[in-house]
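Peer 1: Here's the letter readout for the chains.
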Amino acid sequence: MAATERSDRAGAIIAAALALPGVCAHAENAPEHGVVAVKYLHYQDSQPGLQRIRVEAPSLYVLAPLGSRWSVEGSAVYDSVSGATPRYHTAISGATPHMTEERKAGDVKVTRYNERSSFGVGVSHSSERDYKSTAGSFEAGFTSDDGNRTWNFGLGYASDTIGSTNDATLHESRRTAEAQVGVTQAWSANDLFQLNLTYVGGRGYFSDPYKEPDIRPRKRDEAIVLVRWNHYFDGAGATLRSAYRFYRDSFRINAHTLGAEWVQQVGSMVTVTPSVRLYTQSAASFYFDPVYDPDVGAPYPPGYFTNPPQYISPDQRLSAFGAVTVGLKLGVQITPDWTTDLKAEHYEQRGSWRVGGTGSPGLDPFRATFVQVGVAKRF
Amino acid sequence: MPRPVSTPRLGRLARSLVLCVAVCAATAASALDAGAAAPELNLPGLSDAVNLAALKGKVVYVDFWASWCGPCKQSFPFMNDLQARYRSDGLEIVAINVDAKRGDADRFLADVPARFAIAFDAKGETARRFDVKAMPSSVLIDRTGKVVAMHKGFRDEDRKELELRIAQALAAK
Amino acid sequence: MSRPLRFVRSAFAALLAAGACSGCAFNPPQPWEKGNLARQEMTMGGDPLDQRFVQHIYGSKENASGGYGVGGGGCGCN
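Protein chains in written order, with the working numbering: chain R, 10 to 388; chain W, 186 to 358; chain H, -2 to 75.
Hints should not be assumed to be uniformly reliable.
In the DSBU-like style, the derived pairs of lysine-lysine whose C-alpha atoms are separated by at most 30 angstroms in a straight line are [claimed, not checked]: (1) R:Lys386 x W:Lys331; (2) W:Lys258 x W:Lys241; (3) W:Lys286 x W:Lys258; (4) R:Lys386 x W:Lys258; (5) W:Lys337 x W:Lys241; (6) R:Lys338 x W:Lys286; (7) R:Lys113 x R:Lys228; (8) W:Lys318 x W:Lys286; (9) W:Lys331 x W:Lys318.
Derived DEER-like restraints, expressed as beta-carbon distance ranges [to be verified]: (10) R:His134 x W:Leu349: 41 to 49 angstroms; (11) R:Val382 x W:Gln353: 52 to 60 angstroms; (12) W:Ala238 x R:Leu267: 38 to 46 angstroms; (13) R:Ala149 x W:Ala221: 32 to 40 angstroms.
Examples of chain W residues toward chain R, derived with CB under 8 angstroms [what the hints assert, rightly or not]: (14) Ala219; (15) Ala221; (16) Pro256; (17) Asp341; (18) Glu342; (19) Lys345.
Since the hints were derived computationally from the structure, they do not count as laboratory data.
Predicted model, so just to flag it, every value in this text is computed and none were measured.
Quick reminder that beta carbons are idealized off the backbone N, C-alpha and C, glycines included.
Given these sequences and hints, build the entire structure.
Peer 2: Structure below.
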């Protein structure tokens, strides 16, 4: 992703600690099979009149059981990012910087499985020219005797350093700590529920050095509630996977995410999965609309120099908007050990699509298309 | 059964959690202690019916399996081996399938050959009688029809212990 | 309504809506009834590389991110 719009997210620590593939996604089972998978992402986003960011990213994933009580899992990705992003709001100008960027990231996790519990330790690292992040995580899972309920606990810590290709003197950093509690319940023979509560505390530099003017608080606390539900329809041979997430942070942003996908078995080898995702967020308390000072002009809001605000940002990502993603995935099980998949998604974000309030005015709609193609082998 | 601490607006989720605790507590006591008489087992098999009472005098190793259970794939070659080596000593392996759909079991058996008796318990009534707590589960029954031991799950390192118990049960008078 | 109350209401409404559908009575399965829960698409996590890409994309285009994490529970082999 553009250096200006990277995912500065320690939650990725625990998010990367994903459920293991395999027959029984159970906290206490070492996986029965190893997996090697490769996947390629092509991503292109735009706003009217401007192709923005393009990303080409190959990635690799390996899961290896070590005996019946241990497993190791890791992934690596290499992003080639190129393009331009507005310096403020969605303003296109000759000064819109065009750049190319590389991002390398990897993560490794080791998990120990006992009779009714499991413990995992993971590290991850991501680096680009102007941004480096190192993170560690620890998780524990405890399953009831009947195997129907699992409690999960996770802790994560990340340390980031931030620079700027525009300003060689910028050396900033931030630290983020994260704690998560979750429970997964087999509700019936065809239903699985999960509830996760996460709290994140971040301290340090959160501003975007490529946006002007951009001064953000040196602290960001987040609270997240996630509910997920998987339901199997015996008659149709299909699974409905749905999720709702509530997010709120100390920038005063509230966000709701609602997603659903329908995994339809077609014959014995093919699955077709249409998906839809709805997102809405409120604006950060220090986001300002594209209304500029009549004397000084863009990008400064009225009164910026006579009465300077403590915090301010013109970043579209902090505005109030709604977004919709529609997607379709095709999976083919070529042999019991080989699978291949192809997924295409289209994303659109508009101020007017905000739910539960007025969207931020004056911003161009933002669109993105991303396609993933992958192959996996089980061994 | 624990008494729920309730307010008039006790949420559905909280009520469900209390119910689950009650259900879990009620089933904590195992019906299959060592030395108890084995529960009734009378099920359709691949060709003939399988009846535990008719197998008195043999040592019977009952295994509950399903097509969706990964460790079951590994336990079948182990059971093939045991049945071949100890058949003449009086070991009878009975593998009870609990798949809801017979087609799934047939597909599994086409992939993973079984050279021991197979029985079908699609409704899970026999599994319930045997108080199955994990998949797979195996129950070792001695020549007098009493339960020797019950084993939950199947891991590579379980083989030695399982075979030892079988050998001891075969040797016992 | 105050913000904390709205917060609780959103999460709880989601739970109720999920639990209120017919045919979704709370009836945790016996160990031998977990065949459907064992299906690949019933895991909570999903495709690991797909999830990594998609969470990274949304994290850089929207403000909310995270909240996911380990899946599990309900299947019961071993």
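Peer 1: Confirm or reject the claim that alanine 238 of chain W and leucine 267 of chain R have a C-beta distance inside 38 to 46 angstroms.
Peer 2: Since alanine 238 of chain W and leucine 267 of chain R have Cβ atoms about 57 angstroms apart, the given range 38 to 46 angstroms is violated.
Peer 1: At a threshold of 8 angstroms, is the proposed contact between alanine 219 of chain W and chain R supported by beta-carbon distances?
Peer 2: With Cβ-Cβ at 19 angstroms, over 8 angstroms, it is violated.
Peer 1: Holds or violated: 41 to 49 angstroms for the Cβ distance of histidine 134 of chain R and leucine 349 of chain W?
Peer 2: holds, 48 angstroms
Peer 1: Measuring from beta carbon to beta carbon, are valine 382 of chain R and glutamine 353 of chain W in 52 to 60 angstroms?
Peer 2: holds, 56 angstroms
Peer 1: Tell me if the straight-line CA distance from lysine 258 of chain W to lysine 241 of chain W falls inside 30 angstroms.
Peer 2: holds, 28 angstroms
Peer 1: Would you mind confirming whether the straight-line C-alpha gap from lysine 318 of chain W to lysine 286 of chain W stays at or under 30 angstroms?
Peer 2: The given pair, whose Cα atoms are some 21 angstroms apart, holds under the 30 angstroms limit.
Peer 1: Holds or violated: lysine 113 of chain R and lysine 228 of chain R, Cα atoms, limit 30 angstroms.
Peer 2: holds, 27 angstroms
Peer 1: Closer than 8 angstroms between Cβ atoms is the bar; does aspartate 341 of chain W clear it against chain R? Give me holds or violated.
Peer 2: holds, 6 angstroms
Peer 1: Against chain R, with CB atoms and a cut of 8 angstroms, does the hint on alanine 221 of chain W hold up?
Peer 2: Given a least distance of 20 angstroms, the restraint on alanine 221 of chain W is violated.
Peer 1: Tell me if the interface restraint on lysine 345 of chain W is satisfied: Cβ within less than 8 angstroms of some Cβ in chain R.
Peer 2: violated, 14 angstroms
Peer 1: So the hint says 32 to 40 angstroms: do the beta-carbon atoms of alanine 149 of chain R and alanine 221 of chain W match that?
Peer 2: Holds: the Cβ-Cβ distance is about 36 angstroms, inside 32 to 40 angstroms.
Peer 1: Holds or violated: are the alpha carbons of lysine 286 of chain W and lysine 258 of chain W at most 30 angstroms from each other?
Peer 2: The hint holds at about 18 angstroms.
Violated hints for the displayed structure, listed by number in ascending order: 1, 12, 14, 15 and 19.
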